[in-house]
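Residue numbers (numbering that gives the first Met the number 0), protein chains in the order written: chain A, 0 to 563; chain B, 0 to 563.
It cannot be assumed that every hint is accurate.
[Unchecked claim] Away from chain B, derived, C-beta distances all over 12 angstroms, residues of chain A: (1) 38; (2) 183; (3) 232.
[Said to hold, decoys possible] In silico contact screen, one side only, chain B against chain A (beta carbon under 10 angstroms); selected entries: (4) 68; (5) 72; (6) 444.
In short, the hints are calculated from the structure, not lab data.
Even glycine gets a Cβ: it sits at the ideal position worked out from N, Cα and C.
There are 2 protein chains.
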Amino acid sequence: MHVLIIGAVALGPKAACRLKRLVPDARVTMIDQGFRISYGGCGIPYYVSGDVSSADELQVTSFHMLRDPKFFQDAKGVDVLSRTRAERIDRSAKIVQASDLNTGQALQLGYDKLVLATGSRPRRLDLPGEDLPGVFAVSNLEDAEGIRSRIEAGKVGKAVVIGAGFIGLEMAEALTDIWGVETTVVEIANQILPGFIGADLAQMARSHMQEKGVSFRLSAKVLGFAGEERVNRVLLEGEELEADLVIVSAGVIPNSELAMAAGLEVSSKGTIIVNTRMQTSDPDIYAGGNCVQVPNLVTGQPGYYPLGSLANRQGRVIGTNLAGGDAEFPGAVGGFAVRLFEISVAGAGLSLETAKHCGLDAIGVHVVQFDRAHFFPEKELMHLELVVEKTGRVLGVQGLCAGGDGLVGRVGAVAALLSRHPHVSEIGNLEYPYSPPFSSAMDIVNVAGNAAENILAGYSKTLTVSEFATLWEGSRHDFHVLDCRGLANAQPFLEKYPDVWHHIPQDELRARLDEVPRDKRLILFCNAGGRSYEAQITLEQAGITGTRNLQGGLAALRKYGMDI
Amino acid sequence: MHVLIIGAVALGPKAACRLKRLVPDARVTMIDQGFRISYGGCGIPYYVSGDVSSADELQVTSFHMLRDPKFFQDAKGVDVLSRTRAERIDRSAKIVQASDLNTGQALQLGYDKLVLATGSRPRRLDLPGEDLPGVFAVSNLEDAEGIRSRIEAGKVGKAVVIGAGFIGLEMAEALTDIWGVETTVVEIANQILPGFIGADLAQMARSHMQEKGVSFRLSAKVLGFAGEERVNRVLLEGEELEADLVIVSAGVIPNSELAMAAGLEVSSKGTIIVNTRMQTSDPDIYAGGNCVQVPNLVTGQPGYYPLGSLANRQGRVIGTNLAGGDAEFPGAVGGFAVRLFEISVAGAGLSLETAKHCGLDAIGVHVVQFDRAHFFPEKELMHLELVVEKTGRVLGVQGLCAGGDGLVGRVGAVAALLSRHPHVSEIGNLEYPYSPPFSSAMDIVNVAGNAAENILAGYSKTLTVSEFATLWEGSRHDFHVLDCRGLANAQPFLEKYPDVWHHIPQDELRARLDEVPRDKRLILFCNAGGRSYEAQITLEQAGITGTRNLQGGLAALRKYGMDI
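Chain A extracted, bound-state conformation:
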């Protein structure tokens, strides 16, 4: 059996090696148009920042062997042709026509089974000046080497990053944090990480990045790039940004042209269609990684997840099936994580906006709690947002915290359940391992489930931090804030905002109900939203209805960047 694999970055090598381990006699050939193969593309921002010292490090095994063609030949028994481009698939003859990019020579490569691991390419903006030197995409290690050598040569004082997705933000951090480059991120949507996290978390993450020196232009459209020999300006509507370096990270496009030309089923979005065994519409041709769609296990609709982690897992499934096995990749819930300076953001499943876009009747529930026992000395406030359908079904989880391992852990635990359509009560009872140095007896993930349940049941009526911000920026004549904390905490606010700010500590509220102002609607306020929830119940019982409890309280306001 001869298996030919087109593409040798992530999925290709995994499929090849898995097959060879199961069927050592199989003949496997991988071709790739690049020179470097089998590298960790997700590490590019860390190579640009200098955290990873050389590009080779992204191409070595954990035991420091370079994964080049010789390595695949010797250690894995896999033939590799690099700098070789597949031009056409002849499915009836089972031949791939290719060309050697070094010599220009045409090659004919036969196959019994074919694997398409053609990946994706950065989306081009098709704007004037996009091909000027100094405008980079982050598509492969060679680009990354170009970016880093410019920076190391001291030629980059100002940079513009187009696109506030994961790679764009990671690149912005790399440029700012280590190299001190004055960096502006331009994003066409009105928030960072659009489609992945809700507006409030996005504002919190952006606020942190701003504190660290990154500038942002949101809802901003790029018109083009200008400069003589090299780029020196990015043209926006009504503004020009100086730039010695531009990084375009505006999403990726699946490389499915080969598949389409060969008559394989390809979606209108350009993704190759595969079954759960990762077979295309031609059962002798498998495909996976950034060129395919797989089911979104939350919505049941097709999803697109260009992630090295999923590519590897799909590659193993393909390797098993090529060996005559019966492995499946059922789909994904879209788990993600990103480090942004000293905080991290992680999530899985649907954000509130995405859920609504899918026609689901959903709410977002924002809770704030320490990442470990509140009596433990070192701890950080974690923000967690649970997205739930009004039926009680959990659709997604997103969060933000200093550090990140603990946040990724909570998100990972919810992600493990998401495909099974858990009810909020399952999150309320979720058994995240408890010990004071790592978690709370009522852990934040349980609190999120319980808070969602209380809101859905109508026990808790809340206001998001962005809703509060909008109110606060307005006239402030039609509401009161009732601060339910101790006097020492409330005092500065009482002095600063005597007309709007009122104060009764939660534990005195039962005895002081007659002091509660009843002429305007009441916003209930405390440090993280717990005492104000208790206060709301006491007020309801006393017939004072229509109050709103600020989700996440002062902790959310502060993280949001509101300086009240």
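Since the structure of chain A is provided, determine the placement of chain B on it from the hints.
Frame of chain A; chain B shown alone:
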């Protein structure tokens, strides 16, 4: 409605507050025989160590209010009688007879619904000298204050901890790390954390604690305690240990005497029997926390989980049901975590020994991998052991790593699935959020699932580190070690063990098959078990069968404490 709650540490207050939030008019009374109520008992070792500076900190809310009876009255509308002991339940009259421990006065407390939150007490050893001053249990904050004041007074040079469970090990760390007390842990089983982790991980954790200065006596039986006015010796079989302080942490006994005397169903192990709504055999009496059994969701058998985290969740379920709701606590998979100096150990579900004890045909699969992308600069080796039934069903997961948040995260993600009886392939495809600073493209949790699948399918034949240690301590005449790493790594071993150690790098093995010694069985060896697995396949293909691959390779040996 009047609800009476017996016990006011974890479950009691949670049930009371939940009920009051749902039914603010309900009359709720909590009684507790202790003076301190509503404290975080799991924080006691951190109070003893000094990480938590005062005992009050374990009793305050996250916003620094002391959870004393006045707090419950003012903030929660709950009446509390502390230093009040329940003596008898009269179910027909719906009366609890109690006594005021300060005055000796008898009380009669009526109820419509009763909640038993009576908790557990430390198991006594019933040995001579157990009541000598200086012999402590870790049962409540008062004991902890006694221990800490002795240490702070400089009166403790040597300590003995009886029992190597979570509390025993945490106390040993507290005594050694901060106070420099010479501490010996005595355990009757032949490993630490018996029943929770396998023998190999236990040896690794013990090895770390020994490096940090803790001594151990395993398989050691305590015969008694000796001393004049205070304890000064612990008597073992054939040995006496000097001790200024003895901490007995040999497990806990559910406090179910009250329930039993009232004719409620109690198991032969002394746990109160409840349904998933947390109702006892009397539907007007609820119970939860350390005095009840709940289903073990892995085995389907009754389980006993004396954990503050589960007590809190069960308390909320009881509060909801008291309010007329219909909440359920389905059971637990036994998630746990513990910090031991610079490492942590965490797990969920069954250990290999426990699985075998339950009559399940299971294997343990040990993998070692970095906790984040291998090209990321800061990283630690994580050890993960997956316990799987030969059917492919995952029964449990345990692990060990420096730090701990990342380990708890992986365990939490597997724990979330365990009650659903996942197949190993689901762990292989588990979507732990990927980003180089937090995880690997093929994360250790996926690798564990895949490794287990390969072993179950017969592709991979392994040897555990303890099996290797036993072989190595034997004659070394009946096996060869084939080191599959690079020469620089293998050289020292070749020089030290010329008779047994052989070396062919994995990537040269195909070409050097004729050099493989065939006269004795072969143990395949590399840094973490990956290359030796590849070598095994190449050898099998060449007809060299019967080899065994050392799980976790050198990384496992080193952590195990083998200095070869």
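Query - Enumerated hints in conflict with the structure, sorted upward - result: Numbers 1, 4, in rising order.
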